[in-house]
Amino acid sequence: MDIATLKIIQTLIHYGLHFVFPLVIAWLFFKDDWKKTYLILLCTMLVDLDHLLATPIFEAGRCSIGFHPLHSYYAIAVYFLLLFQKNKLIKIIAIGLLFHMFTDYQDCRWNEFILNYGR
326 MDIATLKIIQ TLIHYGLHFV FPLVIAWLFF KDDWKKTYLI LLCTMLVDLD
376 HLLATPIFEA GRCSIGFHPL HSYYAIAVYF LLLFQKNKLI KIIAIGLLFH
426 MFTDYQDCRW NEFILNYGR
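For any residue, its number in our numbering is found by taking its place in the sequence shown, counting from 1, and adding 325.
Read the hints as simulated data drawn from the structure, not as lab findings.
Being a predicted model, the structure only gives us computed values, none of them experimental.
C-beta atoms are modelled at their ideal positions from N, C-alpha and C, and glycine is treated no differently.
Some hints could be false.
Mimicking DSS-like on lysine-lysine, the simulated pairs with C-alpha atoms at most 25 Å apart in a straight line are [as the list claims (entries may be wrong)]:
no., residue 1, residue 2
1, Lys411, Lys356
2, Lys360, Lys411
3, Lys416, Lys332
4, Lys361, Lys413
5, Lys356, Lys413
6, Lys332, Lys411
7, Lys416, Lys356
8, Lys413, Lys332
9, Lys361, Lys416
Label pairs and their computed distance ranges (CB to CB) [claimed, not checked]:
no., residue 1, residue 2, range
10, Leu374, Lys411, 37 to 45 Å
11, Pro381, Val403, 20 to 28 Å
12, Pro381, Leu353, 21 to 29 Å
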């Protein structure tokens, strides 16, 4: 398999996890309010606004985890602690943020794999 194909697969997985999988989470675990939950999960992607603080704003292959402030390990720890709040909205936001971090983390691993592919 060539690198261009791997990058296409990476992109499909990345955006599938950002846009499709939250729908699955909302539908499976929040059936009564799945539409509202899906919208909240999508809104957690606003965490990517911290990319605007970076120079350059976008750099292909850069790992967001540990680089951007809202993608830091400290921020991820806070998102994890939010899971234990009683408020349902806060829990949904925490789930969205943590899943976003997982999605970006797997993207980092993809970048590393593609960089080392064929060596």
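Exercise for review: Would you check the hint for Lys411 and Lys356, treating anything up to 25 Å between C-alpha atoms as holding?
Suggested key: Measuring from Cα to Cα gives roughly 19 Å; hence the hint holds.
Practice item. Sort out whether Lys413 lies within 25 Å of Lys361, counting only the CA atoms. Key: holds, 12 Å
Exercise for review: Take a quick look at whether Lys416 and Lys332 sit within 25 Å of each other, Cα to Cα.
Suggested key: Violated - the C-alpha atoms of Lys332 and Lys416 are around 33 Å apart, more than 25 Å.
Check your understanding: Within a Cα-Cα threshold of 25 Å, do Lys360 and Lys411 meet the stated pairing?
Key -> holds, 21 Å
Review point. Is the straight-line distance between the alpha-carbon of Lys356 and that of Lys413 25 Å or less?
Key: This hinted pair holds, its Cα atoms lying about 14 Å apart.
Point to revise | Straight-line alpha-carbon gap Lys332 to Lys411, limit 25 Å | key: At roughly 40 Å apart (the allowed maximum being 25 Å), Lys411 and Lys332 break the hint.
Review point. Within 21 to 29 Å or not, the Cβ separation of Pro381 and Leu353?
Key: For Pro381 and Leu353 the Cβ distance comes to about 38 Å; the hint is violated.
Review point. Taking 25 Å as the top limit, are the C-alpha atoms of Lys413 and Lys332 close enough?
Key: Violated, because 37 Å separates the two Cα atoms, which is more than 25 Å.
Point to revise | Pair hint outcome, Lys416 versus Lys356 [Cα-Cα no greater than 25 Å] | key: holds, 15 Å
Point to revise | Range hint 20 to 28 Å (beta carbons of Pro381 and Val403) holds or violated | key: Because 27 Å falls inside the window, the suggested range holds.
Exercise for review: With a cut-off of 25 Å on the C-alpha distance, tell me whether Lys361 and Lys416 pass.
Suggested key: holds, 14 Å
Check your understanding: Is it true that the C-beta distance of Leu374 to Lys411 lies inside 37 to 45 Å, as the hint says?
Key -> The hint (37 to 45 Å, Cβ to Cβ) is violated, given that Leu374 and Lys411 are roughly 27 Å apart.
Consistency with the previously given hints fails for numbers 3, 6, 8, 10, 12, ordered from lowest to highest.
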